[in-house]
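Engineer: Sequence:
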Amino acid sequence: MGRSRSRSGSRSRHRSSKKKRESRSPVNDRDRRRSRSRSPKAGGSKSRKSDRRGRSSSDDDGLQKRLEVERGEKKRQKQQEKEKAKETETPEEKRARRLAKKLIKEQKRKDKLGWGEEHLGYTNFDNPFGDSTLTDTFVWGKKLEKEGKTDVPLTQLERSAKERVVKNYTELEKLKMQREAREAARADMEMMQRESEVVQHKEWVRQEDKFHLQQAKLRSQLRIKEKRAKAIDLLAKYINAEDDDEDIDIDITEPYNFLMGLTMRDLEDLLEDIKVYRSLEGDKNGDYWKDIRTITEDELAKMRRMDPNSSEYVGDRARDAIHDSVQRDVNRIFKGKNHRELALLETEIMKKVRMQQEGVDVAYWESLLGHLKAHMAKARLRERHQETLRLKLAKLKSEQLAEVNQVVESPAASTSAAAAVAASVAPVALLTGEDDEERDKQWSEMSPEERAEATIAMFKAGSYSPAYQADGDVQPGVEVIDEAEDAKRRQFNLVEMKTTGTTLSQREAQFEAEARKGMSKEEATFAVEAPIEAQSYLWSDKYRPRKPRYFNRVHTGFEWNKYNQTHYDLDNPPPKIVQGY
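The letter at position 98 of the sequence shown is residue 98 when you use the UniProt record's numbering, and the numbering goes up by one with no holes.
Each hint should be verified, as a subset may be incorrect.
As the list claims (entries may be wrong) - Label pairs and their computed distance ranges (CB to CB):
| no. | residue 1 | residue 2 | range |
| --- | --- | --- | --- |
| 1 | L175 | S196 | 29 to 37 Å |
| 2 | I349 | E197 | 47 to 55 Å |
| 3 | P545 | K517 | 47 to 55 Å |
| 4 | Q357 | P545 | 49 to 57 Å |
| 5 | K352 | E403 | 56 to 64 Å |
| 6 | E226 | M189 | 51 to 59 Å |
| 7 | E346 | K284 | 25 to 33 Å |
| 8 | M260 | K352 | 31 to 39 Å |
| 9 | S196 | Y563 | 23 to 31 Å |
| 10 | L175 | P574 | 31 to 39 Å |
| 11 | Y169 | S132 | 17 to 25 Å |
| 12 | Q357 | E203 | 56 to 64 Å |
| 13 | K275 | E226 | 41 to 49 Å |
Stated by the list, open to error - Here are the simulated lysine to aspartate or glutamate pairs, EDC-like style, with alpha carbons at most 16 Å apart:
| no. | residue 1 | residue 2 |
| --- | --- | --- |
| 14 | K237 | E281 |
| 15 | K162 | E106 |
| 16 | K275 | E297 |
| 17 | K94 | E83 |
| 18 | K335 | E383 |
| 19 | K373 | E348 |
| 20 | K162 | D136 |
| 21 | K373 | E297 |
| 22 | K302 | D266 |
| 23 | K217 | E281 |
| 24 | K102 | D136 |
| 25 | K373 | E346 |
Calculated from the structure, these hints are not laboratory results. For every residue, glycine included, the Cβ atom is placed at its ideal position computed from N, Cα and C.
Please take these sequences and the hints and turn them into a complete structure.
Structural biologist: Shown next, in the form of structure tokens:
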């Protein structure tokens, strides 16, 4: 077979070379020259263009022919090399070559059938399905016989099988894409649900903090009302009255004066209460609570340094301890300065500490810097208090001026306006008559609400101040004392009490005389009661009322599992369980 093919190939090549020689014969060249000489010439330029086109086309034809000749030569050389390799190869190499060629053909056939990449490596002998005819086209004879397709050729069956495989593969890819889209949509929904839960949880936390803040304020109001107020209650009342625009009543004293007279334990409790208020209020009133905390920590540090039972007790041994006289001078320097001047002084002290020049007591200046922070906090609170008082006073004046203008501008206004004004001041008018009996009778007939309104109205109108009366209007039996004479009398009584001291009654004098019987002048009685400090026992601290310092927040809820979905619904939810703390 190989020799016959080579002979037929040599014959075809011989015929093609013979045709080429015939095309290049002198007779053909003579005919070409005659046809070229007989062709008419249209003009110089056109003939030149046609000559150029002819030359270019002839050049292209020649190049194409040369390329074809080279390709044929390469193909022939490759075929010769392959023939030589076949002649010299061993039986094992021949078997491997034929097996590789067979695998390539099988791969192409699988590609035509539409097999996926996961099945391309399977063969009839190596596949996980145990199918020895895996690569063959399955023919369902009974089905074809029932459908009357027994005469259908195998190629058509293979083609239909390929189309079916491609269709199934396309449908699987489509289902895979739909599944991925569903998973992505589910992931987006879960993410949106988590975000909504986070927002809802933040709202719950905010509402819970607001509730705890309201409860803390309510507890403070109750303690103030029951005359057992703590320092945190007064401080919270001060800042709440400052924030409330409708509340005109405000303490005249600065807020840091509420810390006077507190013990070490009270200051420690106050620090914890300040932490609770700051956590509940957030950034609101942050500067106020920060200054109060600074002053409280400074006072607590002073007490701990002076308390022998404290671990921070230093006495006069500390290097940074300041003598009392020097401390008084330092306080006098800090006392008359505002916040801006204290800030400049702080800058100078920090500069001295940073430079650390020779002869400068760095420990003293650092201790002074610690005291300066408390004074700066007091200065800030003092300036804020003065500004608040100024605003409240301006608002009170504006309200009073508006009321006065309203009364002055409408003395002869309409009857309805006069009636409204009379009704608004009716409780006060009933109590400002000339007849005391009538006034007492009207006061007794008033309800508690009317009495409260009348009291507030009289306070704003200044009716609590006594009115001036003439000497003739004084009732008989009432002694009128001159102001200067009353002052002299009180001064005389004060001096007499200081000089004479305490006087003994007749009964006490008799008792002392009886006790001194039998005693000489050099003897003395030891019946003076020595003051004993109040002693606190351990068992008394057990029953001291305390408030919790930590809030244990328990998160409860329920899960919609199969059982709860079967036996409960949204109207009748299942019992809650603890889900976290």
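Engineer: Now, for every hint given, state plainly whether the structure supports it.
Structural biologist: Hints versus structure:
1. L175 x S196: 29 to 37 Å: Between L175 and S196, where Cβ atoms are some 31 Å apart, the hint holds.
2. I349 x E197: 47 to 55 Å: 52 Å, holds
3. P545 x K517: 47 to 55 Å: 53 Å Cβ-Cβ, so the 47 to 55 Å window holds.
4. Q357 x P545: 49 to 57 Å: For Q357 and P545 the Cβ distance comes to about 55 Å; the hint holds.
5. K352 x E403: 56 to 64 Å: Distance hint for K352, E403 holds at roughly 57 Å.
6. E226 x M189: 51 to 59 Å: At 55 Å between Cβs, range holds.
7. E346 x K284: 25 to 33 Å: 27 Å, holds
8. M260 x K352: 31 to 39 Å: 32 Å, holds
9. S196 x Y563: 23 to 31 Å: For Y563 against S196, whose Cβ atoms are near 26 Å apart, the range 23 to 31 Å holds.
10. L175 x P574: 31 to 39 Å: 38 Å, holds
11. Y169 x S132: 17 to 25 Å: For S132 against Y169, whose Cβ atoms are near 24 Å apart, the range 17 to 25 Å holds.
12. Q357 x E203: 56 to 64 Å: At roughly 58 Å between Cβ atoms, E203 and Q357 fall inside 56 to 64 Å, so the hint holds.
13. K275 x E226: 41 to 49 Å: Violated - the Cβ-Cβ distance for K275 and E226, about 25 Å, lies outside 41 to 49 Å.
14. K237 x E281: 14 Å, holds
15. K162 x E106: 15 Å, holds
16. K275 x E297: 13 Å, holds
17. K94 x E83: 12 Å, holds
18. K335 x E383: 13 Å, holds
19. K373 x E348: 14 Å, holds
20. K162 x D136: 12 Å, holds
21. K373 x E297: 11 Å, holds
22. K302 x D266: 14 Å, holds
23. K217 x E281: Holds, at about 11 Å.
24. K102 x D136: 15 Å, holds
25. K373 x E346: With a Cα-Cα distance of about 8 Å, the restraint between K373 and E346 holds, given a limit of 16 Å.
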